[in-house]
Amino acid sequence: MKKYQSWGRYPKINSDKQDIYHVYPDSFSFPEQNNDTAETPSFLAYAQGRSYGDVCLNEDGILLDTQHLDHFIQYDKEKGILRCEAGVTFENILQLIIPHNWFLPVTPGTKYISVGGAVANDIHGKNHHKAGTFGRYILKFELLRSNGERLICSPTENTELFNATIGGLGLTGLINWVEFSLKKIPGSKIEQETLRFNNLKEFYTLSDESDKDWEYTVAWIDCLATGDELGRGLFIRGNHCESNKKHKFKTSKLSVPFDAPGFLLNKVTVNAFNNLYFKKPIKQYSKVDYDPFFYPLDSIANWNRLYGKRGFMQYQCVIPTEHRETAMIEMLSIITASGQASFLSVLKEFGNIQSPGLLSFPRPGITLALDFPNRGQKTLELLDQLDVITLKYDGSVYPAKDARMSPASFAQYYPRWKEFEKYIDPHFSSNFRRRVNPE
Amino acid sequence: MSNILVLGATSAIAKHTMRLFAADEHSLYLVARNESKLSSMKQDMLVRGATDVHYETLDLADSKQHEDLINRATKTMGSIDTVLIAYGTLADQSKSEESYENTFKELQINCLSVISLLTILANQMEQQGSGSIAVISSPSGDRGRQSNYIYGTAKGALTIFLQGLRNRLAKSKVHVLTIKPGFVDTPMTKDFKKGFLWANPKVISKGIYNAIKKKREVIYLPFFWRYIMMIIKFIPEKIFKYLSL
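Chains as they are written, first to last, in this note's numbering: chain A, 37 to 475; chain B, 2 to 246.
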C-alpha cells in the first residue's frame with residue numbers, strides 16, 4: 037500500500053483523515069464544491085513524497101495523487117525543450133535526454149522527484165552559483181484551479197500566477213504539465229575534484245576560488261569537529277565532460293528493508309562515521325558517472341528508514357554572505373554543544389541569480405543543510421536555537437525541508453507571503469500552510 | 002522496426018511495456034476505451050521514440066467489431082507483427098456467484114472476446130508466416146479457488162487456448178506468449194490491501210518486453226509465482242477443498 041507521508045516521516049499524520057484522489061491526464065475535474073470554504077475539504081497535489089516535512093501533507097483534506105500524470109508531451113531534441121506532465125520524475129527525464137547529451141538545468145540530490153514538485157519547491161542544486169533555481173528554466177506550465185479554470189502561465193501570460201506558483205508549495209492549484217529548457221552537455225560524465233579542508237576558513241577560500249570555473253560545488257562537513265577543526269570537511273567540485281561510452285542506466289539494488297532501531301544513529305556512530313569519512317583516502321581527481329556525482333543516496337532505496345520509526349528532521353538555512361563567518365561558527369558550536377549529531381551536513385555557497393518565484397528560498401549567501409534523527413523535544417529545541425541565529429542574521433529556512441518553524445519565523449523569512457496569499461487557490465491547503473500561517 | 006497492435010493499451014502494464022518498445026522505434030496501434038488517456042499516451046510514445054502512433058477507442062468486449070478493427074490496424078500499419086492483449090476486468094466473484102448473467106459477462110470480457118480476437122489474428126499471422134502473439138493471462142487460471150474461480154475459469158480457458166494455438170502455429174513460425182502476472186499494483190487492483198508480494202507494473206512490463214524479444218512461451222511475473230503456483234497445484238484436492246486461498 038502506498039504510504040502518503042513525507043520523506044522525513046515527521047510529522048506523523050493520521051492517514052484515515054487524508055483522502056486520496058487519483059489524477060488522470062485531461063480527465064480530472066474537481067468534485068462539486070461548497071462555496072463555504074470552511075466546509076469543503078482542501079486539496080493538495082502529492083507526487084513522490086520527497087519533501088521532508090509537511091509541505092506535501094494535507095491532513096483532514098484531500099491529496100491529489102499525480103502518479104498517473106506521467107506522460108511526456110513534447111520534446112525538441114534540437115533546441116532542448118521538454119514538455120511533460122507534472123508527475124514525471126527527474127529519473128524518467130534523464131533516461132530520455134541523456135542519450136542526446138541534454139541534462140536537467142538544475143537538479144537536487146535525488147532524481148526521484150516529480151517535475152511538479154520541482155516547480156512547487158523551486159528546487160536548487162550544486163550549480164546554484166552558476167544557474168540559479170529550477171524556476172528560472174520554466175517556459176510555461178498549465179495550472180488547474182479548483183474552479184475548473186485551466187490557465188497557461190508563463191513569464192508573459194498570467195505572469196503573477198507564474199511567479200507565485202514557482203516555489204508556491206503547491207498552494208496555487210494543480211500543476212498539470214510543465215515546459216522547461218534543458219542544458220547541453222558534452223557527455224554523461226563528470227570530472228570531479230575532491231579536496232579536504234580543515235576548517236571553515238579554508239572552506240570559504242576553496243568555495244570562492246571554485247565559483248568561477250566549476251559548474252557544481254558542494255561540501256560535506258563534519259559537524260562534530262570542534263576548535264581549530266570546526267567546520268572541517270570535504271569540498272567536491274565538478275564539471276560535465278565527455279564520455280567515450282554510451283551511458284548505461286542502472287536501477288538501484290540496495291534497499292533498507294525495514295526501520296532501523298532508533299538508536300542506530302547516535303552521537304557515537306555519527307561521530308565515528310564523520311571521522312572515517314573525513315579521513316578516508318580521497319582521489320583528488322576522478323572522472324565519474326553523473327549518477328553517483330549528483331545522486332549518491334539514490335543508490336540506497338528507502339534510506340530514510342535508517343533514522344528509525346520516529347523519522348528525522350532536516351534543517352536547511354541560508355545566511356547572507358556578510359554574516360557567514362560568525363553565523364556558521366555560532367551554529368556549529370550550538371550543534372556540538374547539544375550532543376545531537378547531524379549525520380549528513382552539507383555546506384554550499386549560493387549565487388546571486390534571482391528566481392522568478394515569489395516564495396523562492398535561495399538567496400545570496402551560504403546554505404547549511406543538516407539532518408537530525410527525531411529525538412522529540414530535544415531536537416525541536418535545537419532547531420529553534422538555530423532559528424534564533426538564522427533570524428538574527430536575516431537568513432531564511434527552506435520550507436521543503438521544514439516541519440517545525442514557527443509562524444513568527446516564517447513571517448520574517450518570507451516577507452512576501454502577504455503578496456503571495458492572494459494567489460492561493462481558495463480550496464488548496466497543506467499542513468505546512470496551516471502551521472505557518474494559522475487563520 | 003516492426004508494427005505492434007496493443008489491445009487494452011491504457012492498462013498500466015500495457016502502457017509501461019509500450020514505453021520500452023517505443024524507445025526501440027516501433028510503430029504502434031493502440032486500442033482502448035478512454036480517448037483522453039489514449040491521446041496522452043500517443044504523445045508520450047512519440048516523445049520516447051515510436052516512429053508512428055495510431056489509436057482508436059473501442060469496447061473490445063464486443064466481438065462483432067473485431068474483424069473490422071484488425072483490418073483497420075493492418076491497413077494503417079501495413080502489417081501486424083506483434084500483438085499484445087492486455088485488457089480485462091477483475092471479476093467480482095460474489096456477483097458472479099449470484100447470477101449466470103454476471104458470470105457470462107466476465108467470461109465474455111476476459112476469455113471469449115480474447116479468443117475471438119485471437120482467432121482472426123492467428124489466421125492472419127499463420128498466413129503471414131511470422132508474428133508474435135502476447136496475451137496476459139493469470140496464475141489464477143492454474144487452479145480453481147473459491148475466492149476468484151470465475152476469473153480463474155476465464156484465464157484458465159485462455160491459457161489452454163493459447164497452449165493449443167502455440168502448438169498449431171509453431172510450424173508457421175508464429176510465436177505465442179502466455180503471460181501470468183501475480184499481484185500487480187495498478188488501477189485495476191486499487192482496492193486491495195497491498196503486501197510484500199505485490200509488484201510494480203514497471204517490473205512486470207520489463208519482464209513482458211524481454212519475453213517478447215526472446216520469444217519465450219509461458220512466463221510468470223515476477224518469476225517466483227511459478228513456484229508459488231507449483232506448490233498450490235501440488236496440494237491434494239482432498240485437503241485443498243477446505244483451504245481458503
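One should not assume that every hint holds.
Said to hold, decoys possible - Partial list, derived from the structure: chain A residues whose beta carbon lies under 8 Å from chain B:
id	residue
1	57
2	60
3	61
4	63
5	65
6	109
7	110
8	111
9	127
10	132
Calculated directly from the structure, the hints in this document are not laboratory data. Don't be surprised by glycine CBs; every beta carbon is placed ideally from N, CA and C.
Checked hints:
1. 57: It is violated, given that the least Cβ distance between residue 57 of chain A and chain B is near 12 Å, above 8 Å.
2. 60: holds, 7 Å
3. 61: Check passed: Cβ of residue 61 of chain A comes within 4 Å of chain B, closer than 8 Å.
4. 63: holds, 5 Å
5. 65: At about 12 Å, which exceeds the 8 Å cut-off, the nearest Cβ of chain B leaves the hint on residue 65 of chain A violated.
6. 109: holds, 5 Å
7. 110: holds, 7 Å
8. 111: holds, 4 Å
9. 127: violated, 11 Å
10. 132: holds, 7 Å
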